[in-house]
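**Q** Sequence:
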Amino acid sequence: MRAEKQHIVIKGCGAISPLGHNTGTIAFGYSAGKPAFKTIVHQGAPTPIAALPESAEQLLLQLQKSNPNYKHLDRSVLMAVYAAKQAVVQAGWLQQDNVDHELGVNIGSSRGATGLLEQHYTSFQQDRLSSGASPTTTLGNLSSWVAHAVNAGGAQISHSITCSTALMAVANATAWLKAGMAKRFLAGGTEAPLTDFTIAQMKSVGIYSKLHDHLYPCQPYAVAKQNTFVLGEGAAVFALELLPDTTLEPGTTVVASIGLGFEAIKSKTGISADGLNFQQSMQQALSQLPENDRKIDLVITHTPGTIAGDAAELNAIVSVFKDQLPALTTNKFLFGHTLGASGALSLHHAMHILASQSYTAPAYQTNIPVSQKTQKYKQILVNAAGFGGNAASIILKQL
1 MRAEKQHIVI KGCGAISPLG HNTGTIAFGY SAGKPAFKTI VHQGAPTPIA
51 ALPESAEQLL LQLQKSNPNY KHLDRSVLMA VYAAKQAVVQ AGWLQQDNVD
101 HELGVNIGSS RGATGLLEQH YTSFQQDRLS SGASPTTTLG NLSSWVAHAV
151 NAGGAQISHS ITCSTALMAV ANATAWLKAG MAKRFLAGGT EAPLTDFTIA
201 QMKSVGIYSK LHDHLYPCQP YAVAKQNTFV LGEGAAVFAL ELLPDTTLEP
251 GTTVVASIGL GFEAIKSKTG ISADGLNFQQ SMQQALSQLP ENDRKIDLVI
301 THTPGTIAGD AAELNAIVSV FKDQLPALTT NKFLFGHTLG ASGALSLHHA
351 MHILASQSYT APAYQTNIPV SQKTQKYKQI LVNAAGFGGN AASIILKQL
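For the sequence shown, counting from 1, position 112 maps to 112 in the numbering used here; every step adds exactly one.
Quick list of the computed label-pair ranges, beta carbon to beta carbon:
#: 1; residue 1: Ser55; residue 2: Asn98; range: 31 to 37 Å
#: 2; residue 1: Gln95; residue 2: Glu4; range: 25 to 31 Å
#: 3; residue 1: Ser55; residue 2: Gly92; range: 23 to 29 Å
#: 4; residue 1: Ala175; residue 2: Leu248; range: 19 to 25 Å
#: 5; residue 1: Ser55; residue 2: Gln95; range: 24 to 30 Å
#: 6; residue 1: Phe124; residue 2: Glu57; range: 27 to 33 Å
#: 7; residue 1: Gly92; residue 2: Leu289; range: 26 to 32 Å
#: 8; residue 1: Asn98; residue 2: Ser358; range: 36 to 42 Å
#: 9; residue 1: Arg294; residue 2: Leu248; range: 16 to 22 Å
#: 10; residue 1: Asp274; residue 2: Arg128; range: 50 to 56 Å
Calculated pairs, BS3-like style, for lysine-lysine (alpha carbon to alpha carbon, straight line, at most 27 Å):
#: 11; residue 1: Lys225; residue 2: Lys210
#: 12; residue 1: Lys295; residue 2: Lys11
#: 13; residue 1: Lys203; residue 2: Lys34
#: 14; residue 1: Lys11; residue 2: Lys378
#: 15; residue 1: Lys203; residue 2: Lys266
#: 16; residue 1: Lys225; residue 2: Lys203
#: 17; residue 1: Lys397; residue 2: Lys11
#: 18; residue 1: Lys378; residue 2: Lys322
#: 19; residue 1: Lys5; residue 2: Lys178
#: 20; residue 1: Lys295; residue 2: Lys376
#: 21; residue 1: Lys397; residue 2: Lys378
#: 22; residue 1: Lys397; residue 2: Lys183
#: 23; residue 1: Lys34; residue 2: Lys373
#: 24; residue 1: Lys178; residue 2: Lys397
#: 25; residue 1: Lys85; residue 2: Lys11
#: 26; residue 1: Lys373; residue 2: Lys295
#: 27; residue 1: Lys322; residue 2: Lys397
#: 28; residue 1: Lys376; residue 2: Lys322
Hints in this document: simulated from the structure, not taken from any laboratory.
Backbone N, C-alpha and C define an ideal beta-carbon position, used for all residues, glycine too.
Build out the structure end to end from the sequences listed, making use of the hints.
**A** Structural data, given as structure tokens:
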């Protein structure tokens with residue numbers, strides 16, 4: 001007797017980004033297609049960034065005031081807590097008085113508590129370092145506070161795999177669920193990188209956008225050969241559960257497959273011209289689908305707006321799909337690169353597209369290859385990659 005087919009189901013999701021503070025406001029932001037950038041002065045130069053809108057900022061402040069301990073937490077942790085609470089409420093998992101020992105948490109970040117680290121280091125230089133410096137800046141701080149906020153008593157995992165972090169969190173949660181080591185899992189990523197030192201680090205790599213006076217300072221796929229990387233902030237968290245196929249309704253969104261890729265590091269960023277890590281991750285994800293169901297309707301690319309990175313990923317996509325290219329899109333032209341949160345926000349974008357059956361394309365001239373037309377977006381592949389030659393691809397499917 002064949003075992004009943006099971007799926008990793010997205011029971012709920014939560015997000016906060018420069019486009020808005022929940023699924024509804026962020027969906028409106030995508031539909032409007034209005035970029036969320038602003039210009040600040042950094043080291044004496046006008047610099048584009050994408051920060052939370054005032055409405056989201058006020059809600060984050062309310063969250064911080066709701067618990068006396070929250071005032072000591074880094075912004076990245078607060079955003080993760082905020083998004084996680086949305087996810088568990090949507091999933092129907094929130095328990096006010098009882099600890100759910102079957103609920104695990106895996107939240108990642110590329111940079112971690114950058115804001116607090118810089119504050120504490122300044123204090124250190126002034127010989128007045130707080131005793132809270134270490135416990136509030138450790139990476140494990142992320143998942144432990146999220147777990148505390150939603151009464152999760154299962155595994156509590158924090159990690160960093162640069163900009164693939166969020167997709168790796170979903171991959172890890174999927175493994176735990178399929179192994180029977182948890183019944184429910186929260187997975188996602190968060191990043192609050194709009195600090196002096198983090199912006200300076202990105203500028204030092206030589207990739208930061210100089211288009212501070214342009215409507216689209218971040219321009220993935222742009223025809224013009226220039227680096228247009230812009231930092232943004234945000235978080236997205238997903239409530240995942242392994243459920244039998246027969247219990248699911250049409251329209252349910254599931255994690256259909258996950259692929260990982262790695263290549264030898266030959267540069268400081270680990271990017272090869274052919275995007276070998278992307279090729280591996282996409283091929284692995286596709287190979288897990290049934291042979292008669294490997295049609296991808298849309299790829300949400302990583303493309304951070306850099307000459308080398310964008311070209312490598314496009315080369316990899318052409319190599320994998322050849323003359324059956326799916327449509328391509330990204331959200332970075334609207335709010336830049338959110339580092340460790342970017343993969344999660346791209347998954348959130350994919351869910352919006354599956355629900356709305358539409359997406360907004362960049363309004364500037366691009367070199368996106370001609371793709372096959374589709375009547376319905378049913379399977380969407382999401383890419384992410386990071387320093388060190390790693391990549392991850394997740395395929396979401398609407399049943």
